[in-house]
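K.L.:
The residues making up each chain are set out below.
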Amino acid sequence: MSVNINKHIADILQLYEFSMSIGKTLDFHKNCDNFLKLLLARKNLSGCCVISKEGDDFTRSYAYPDGLVDDRMIEHSGFLTDCFKDDTIKTGMFEDNTKEMVSSCRTQGSWLFFNLKNDKGLMLMNHKGTPFNQVEINQLTPIMEKFSISLKACESFMRRDNLLKRLTKQNKELREYTQVISHDLKSPLRNIVTLIAWTKEDGENLQDDVMQNLESIEDNIEKMDNLIKGLHAYSTIDKFEENDKEIEVATFLDGIIESLEVPDNIEIMVDSNISTLSIHPTLFQNLFQHLISNAVNSIDEENKKGKISINIKGEETQLKCSVQDNGKGIPEKYQERVFELFESIDSKKECVGIGLPIIKKIIDYYDGDLLLESEEGKGTTFSFSLKKE
Amino acid sequence: MLINSTDPHNVAKTIKEKSKGRNVVLSIPDNYPVDVEMLIEELNKLDVQFMGGIVPKIIYQNMVLDEGVVANFLDHVVTQFVIENIREKDFTIPQIPFEREKDYCAFTMLDGLTGNISHYLSEVYRVLGNNCLYLGGGAGSLTLEQKPCVFSNEGFFMNAAITVVYEGSGSLGVQHGWEKIEGPIIATKTDKNVIQELNWRNAFEVYKEIVEADSNKEIGKENFFDIAKSYPFGVVKDNSECIVRDPIATNEKGELICVGEVFNNTVVDVLKGNRCSLVKSAEKAAKMAIENFSDPRSGVIIDCISRALFLEEEFQNELDTVVDLLKEQNDQMFIGGALTLGEISSFNGYLELFNKTIVVGLFGKK
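Chains as they are written, first to last, in the numbering used here: chain A, 1 to 389; chain B, 1001 to 1366.
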């Protein structure tokens, strides 16, 4: 028996050509197009279809030409159920029962079915009627295994992509929702504050207890306002569209300290080994504003020598910071709970139980670590690290 | 029919008289001095539905002509559509409601010098599927200067394709007769119709080695076309003749510019023709078409202009051989056609663009 070397080389190179056309893209349709159109052209076939099995139903995932088969082929599941029955490759000539599967096109000729696993199958059609021979089936089998894996990758990518799109949409909706809620809740609060102010102005002769009640209402309104601001800040921490910016650390911290009402008896010291830092300015501001504010609130106003030490140390891959105070400290039993929303150990109107959860969320956002060390009557130290991107 | 007038009014009037309400496909030689814009206007005035192309030469019966207008009339046209800017890949082929019991044919004339022709054909096949028998060719000038070359009631276009779909039966025979001298080799880097690398090396270097070894002639940029016209590439296929791709030029980078796309990693052979095998292949194409169609009423021959250039005087022999065989089936048969820049057919099932190939189509009632 003579061996036609050239024919063998051509067959092998054809496998190379098929193989190189698979997996060039993670788009399911384009991946099918790249490989299957080439397969049809080289093998002189007239059509193909990727069929998905969903329970007892079958749907068309890809077809070339488009009208080769109906989108849904439920009624004809007998033929397709047999095709999907096991992993064996099936082939045959179109007969009356199989012709019905094809919607608009002619169905004379032969068909070949590969079970691609993962409930997918590939039907190849040759309308000229030549049966598929065993050698070409054998030649195509390993290629189909590769094609099957590439389809699985496309589907995984498609699912991930869809999930990402859905998440982006939900995040956008949540951001809008938070903004609306924040705005809608604040508006009646402002009205109440105005009404109270008018009442106080108009009613000079109001009884002391009524005046006291009005002031109490004002305090509660301020507390609620802080709560709304805090909730808004908390819910938007990881949804900012702003980019990192270069900031001057000392100037930036001075600005934060100035914006807070720090009693005269409290001294704030800043020690930093870096002068500039590339970071998300709003998050950095939120982080230190809440930490310093928390420290200020923990120091009893009558304490004559309140001390807050801020330490910032820039390292190659991370930023290490700490905020230490000599306030009243956090009792051990509360130390784990203080990072949960609305868990406040202080009844002051500024303390609504949202500052520390914001701090934790920002540190988590930067994939950092947070450590709380506190001793009752001696003070508290919050140490944390932020990973540099 | 063949119309020998250059007066657009007379040409249009003759077509109107003969058309009897039918659509018409017109082939006009590139050098024929008829004003196509005027002809379109005249035909539109007479309410004739038409499409056509400017081709290097026309075929009428067994004659190859540089003068005249060949008109093929079509009954029962389902639709005709023009797709502009096929180079851009951004177009939609209209859906057609085919009836299972009927046979359909689709005839396409497109700008043979535009890009992405294979993509256009694959999109046509995606939508129309194997409901149709496909036939057609690439229009344009042999000077290879791109200009408007296809026309219909909607205007005169370049970078465009016009397809007419009509009810009718037919059969095709497609052959080229070029034979392998070297291969298989892989087109490892390509860009549309440009082959940049063969077997991971500069394409021209590899091609030059093969061609010079066979021809004993030195091939360079200047004489590239003269020598390369005898050494086309063949895209390897299973159980049928390969698809010929014609290299027509090379550039400073040593890339080979072909008529029609060659995709990355395509396995090709280098082919060589001899006059005898080419004429024999034309005979085979005619026999293939006849074999599947017993009572043809008309015949269409789409033959590549480069075959005519290669065969020179022998080309008449090729045409006579084909026409004689067709006339044996029906001596009253009208035979028209064109020498084109690329040939279109679905002979092997899948719709493809061919080069250096003869496509013989027979049409009528089954």
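Don't take each hint at face value.
Pairs of lysine-lysine residues, derived as BS3-like cross-links and limited to a Cα-Cα distance of at most 27 Å, are as follows [stated by the list, open to error]:
(1) A:K152 with A:K128
(2) A:K7 with B:K1208
(3) A:K7 with B:K1229
(4) A:K30 with B:K1189
(5) A:K37 with B:K1221
(6) A:K307 with A:K245
(7) A:K7 with B:K1189
(8) B:K1089 with A:K7
(9) B:K1217 with A:K30
(10) B:K1253 with A:K37
(11) A:K7 with B:K1237
(12) A:K90 with A:K37
(13) B:K1253 with B:K1229
(14) A:K146 with A:K30
(15) A:K7 with A:K128
(16) A:K85 with A:K7
(17) A:K7 with B:K1147
(18) B:K1013 with A:K37
(19) A:K24 with B:K1102
(20) B:K1284 with A:K128
(21) A:K152 with A:K37
(22) A:K223 with A:K200
(23) A:K117 with A:K24
(24) B:K1237 with A:K24
(25) B:K1237 with A:K90
(26) B:K1045 with A:K7
(27) A:K128 with B:K1102
(28) A:K152 with A:K165
(29) A:K30 with B:K1237
(30) A:K305 with A:K361
(31) B:K1253 with B:K1221
(32) B:K1045 with B:K1013
(33) A:K146 with B:K1237
(34) B:K1089 with A:K30
(35) B:K1208 with A:K37
(36) B:K1221 with B:K1280
(37) A:K30 with A:K90
(38) B:K1237 with A:K128
Treat the hints as calculated values from the structure; they're not laboratory data. Keep in mind the model is a prediction, meaning the values are calculated, not measured.
K.L.:
Between the alpha carbons of B:K1013 and A:K37, is the straight-line distance 27 Å or under?
P.N.:
Distance ~45 Å between B:K1013 and A:K37 Cα, so the pair is violated.
K.L.:
Taking only the CA atoms, is the gap from A:K7 to A:K128 under or equal to 27 Å?
P.N.:
holds, 23 Å
K.L.:
Given the hinted pair B:K1208 and A:K37, is their alpha-carbon gap at most 27 Å?
P.N.:
violated, 31 Å
K.L.:
Would you check the hint for A:K24 and B:K1102, treating anything up to 27 Å between C-alpha atoms as holding?
P.N.:
violated, 39 Å
K.L.:
Please verify whether B:K1045 and B:K1013 have alpha carbons no more than 27 Å apart.
P.N.:
holds, 10 Å
K.L.:
Hey, A:K7 versus B:K1147, does the alpha-carbon distance stay inside 27 Å?
P.N.:
It is violated: about 43 Å lies between the C-alpha atoms, which goes past 27 Å.
K.L.:
Within 27 Å, alpha carbon to alpha carbon, are B:K1253 and B:K1221?
P.N.:
holds, 11 Å
K.L.:
Can you confirm whether the C-alpha distance between B:K1253 and A:K37 stays at or below 27 Å?
P.N.:
violated, 31 Å
K.L.:
Hinted pair, alpha-carbon criterion (27 Å max): B:K1089, A:K7. Please report holds or violated.
P.N.:
Violated, because 35 Å separates the two Cα atoms, which is more than 27 Å.
K.L.:
CA of B:K1089 to CA of A:K30, is that 27 Å or under?
P.N.:
Holds, at roughly 14 Å.
K.L.:
Starting from A:K30, check that the Cα of B:K1237 is at most 27 Å away, please.
P.N.:
Roughly 22 Å separates the two Cα atoms, so the pair holds.
K.L.:
Does A:K30 pair with B:K1189 here, judged by a C-alpha cut-off of 27 Å?
P.N.:
Holds, because 20 Å separates the two Cα atoms, which is no more than 27 Å.
Checked against the numbered hints listed earlier, the structure breaks hints 1, 5, 6, 8, 9, 10, 16, 17, 18, 19, 26, 30, 35 and 36; every other hint is satisfied.
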